[in-house]
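Let chain R serve as the given structure and place chain D on it in line with the hints.
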Amino acid sequence: MIEVIFFGQLTDATGVSSIMVEEVANTDMLINLMKMRYPSLASSTYMVAVNNTMVTENAIIRPGSKVAFMPPFSGG
Amino acid sequence: MAGQQKLSEARVLVIGAGGLGCPIVQYLVAAGVGHIGLADHDKVSLSNLHRQILFGTEDINSYKVDVVKRKMLSLNSDVNIHTWNEQWIQQHCLQYFPDYDVIVDATDNFASRYLINDACVLLGKPLVFGAVSQFDGQVAVFNQVQADGSRSVNYRDLFPLPPANGEVLNCAEGGVLGVLPGTIGAMQATEAIKLITGIGTTLSNRLWNYNALTQDVFIMQLVPNPTSLQHIPLSEEQFISTDYEQLCAIPQKGIKEIDVLDWQQNFLDHLFVDIREPHELPRLDALCSSLALEWMVLPLSGLENNLSCLTDRNVVFVCQAGMRSLIAANMLMKASPDASVFSLKGGVNSLAEKNLI
Chain R
33 MIEVIFFGQL TDATGVSSIM VEEVANTDML INLMKMRYPS LASSTYMVAV
83 NNTMVTENAI IRPGSKVAFM PPFSGG
Chain D
739 MAGQQKLSEA RVLVIGAGGL GCPIVQYLVA AGVGHIGLAD HDKVSLSNLH
789 RQILFGTEDI NSYKVDVVKR KMLSLNSDVN IHTWNEQWIQ QHCLQYFPDY
839 DVIVDATDNF ASRYLINDAC VLLGKPLVFG AVSQFDGQVA VFNQVQADGS
889 RSVNYRDLFP LPPANGEVLN CAEGGVLGVL PGTIGAMQAT EAIKLITGIG
939 TTLSNRLWNY NALTQDVFIM QLVPNPTSLQ HIPLSEEQFI STDYEQLCAI
989 PQKGIKEIDV LDWQQNFLDH LFVDIREPHE LPRLDALCSS LALEWMVLPL
1039 SGLENNLSCL TDRNVVFVCQ AGMRSLIAAN MLMKASPDAS VFSLKGGVNS
1089 LAEKNLI
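Each protein sequence line maps, in turn, to chains R and D.
In this text, residue positions in the first sequence follow the working numbering: the first is 33, and each later residue adds one.
In this text, residue positions in the second sequence follow the working numbering: the first is 739, and each later residue adds one.
No lab work stands behind these hints, which were simulated from the structure alone.
As the structure is a computational prediction, the values presented were derived from the model and not from experiment.
Every residue gets a Cβ at the ideal spot worked out from N, C-alpha and C, and that includes glycine.
Worth double-checking, as some hints may not be accurate.
What the hints assert, rightly or not - Label-pair distances were calculated between CB atoms; the ranges are:
| # | chain 1 | residue 1 | chain 2 | residue 2 | range |
| --- | --- | --- | --- | --- | --- |
| 1 | D | GLN968 | R | ARG94 | 24 to 32 Å |
| 2 | R | ASN58 | D | VAL917 | 38 to 46 Å |
| 3 | R | ARG94 | D | GLU796 | 56 to 64 Å |
| 4 | D | LYS1092 | R | SER75 | 27 to 35 Å |
What the hints assert, rightly or not - To give an idea of the interface, some chain D residues facing chain R are shown, with a C-beta separation under 8 Å as derived from the structure:
| # | residue |
| --- | --- |
| 5 | GLY754 |
| 6 | GLY757 |
| 7 | ALA844 |
| 8 | PHE848 |
| 9 | ARG851 |
| 10 | ALA869 |
| 11 | SER871 |
| 12 | LEU896 |
| 13 | PHE956 |
| 14 | ILE957 |
| 15 | MET958 |
| 16 | LEU960 |
| 17 | VAL961 |
| 18 | PRO964 |
| 19 | SER1039 |
Here chain R stands alone, though its shape is the one from the complex (with noise of 0.2 Å):
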């Protein structure tokens, strides 16, 4: 399994703070499946780290992993 978690105003878009899934292959895969379950997510701004980690480009999620979808924030 992997654990995916929301951060900010995301979890407006997912209603969840984090969910389990089956194994994906890599951070695209995940980011399509999670954009069919939660459409909203599809006009949302953020990145994605991978236990903890930052990535720029497709990258593999090994079973077990933590993946973060984090939104910029504004306020002040």
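Just chain D, lined up with the frame of chain R:
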């Protein structure tokens, strides 16, 4: 040189004198930072007081920077504080950033955040970043010189381009737990002091994320993003010609906004739809029943799946500050172009100002 000496010789520029800026400046002055620059064009308003606790009711309508300066001089009369009560643009950054050792971003909007980030990269200044959203906060140190002489990642590595306007809520719009900017501002002051004195390990190449509801802290390791370089101005000319307001704003074309008076006089026959999330207050039950309005609560997060119940209805959308209601109006206008659809300007905040709730 001893840490206290470094602090007294340090020059720190804080941009924003609101929820983040107040605690940052307070702790920097208390710590003995010798020179502080502070920029903010806003005046104190009643809705600030729950989270900007340096201000009192007697300060309403005064420039924030004037109030902060007065209170900081009473805390430490030796501190040198220079203030600007105007909106900062590129020319301010180019003129004044070189005078400071550390820049602190305590602003509340993406246009300012990208402007400040790009200026720090262009001018080679370390940046202490902090931001809040409802119950979450982020802190990082960007563009710090590392052991090999290169600079740590900057905001454009995380988010090369700003999100569409209205996608991310600001404090007035989404609300924020009042104590949260205090927590995040104190963290930013900590990072600024570490940068000045050289103690400890800063949040360089790391993003510190804090959730006030769970007290969970999540630290993310940051890496350079090749895409970021395409978007950062490489020269002063490019920087000056970048339109940050435009970059961070996608104009909502064709959506009609009405103000409270117009709504009261002409549009009470429209279905009134509160698209705030269920936890947002104040509720509008009493107002709507006193006006005998047909109304409903339909949070924006679920609007897309429930648009069919509004199709061909004449609707006035309302949210907290009038931003999300623009998005809702945009969605419904696409679905039913012939209906009469409006967004209530200023939202619930305007209703409160008119003493209707």
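Query raised in the report: Are there hints from earlier that the structure breaks, and if so, what are their numbers?
Result: none
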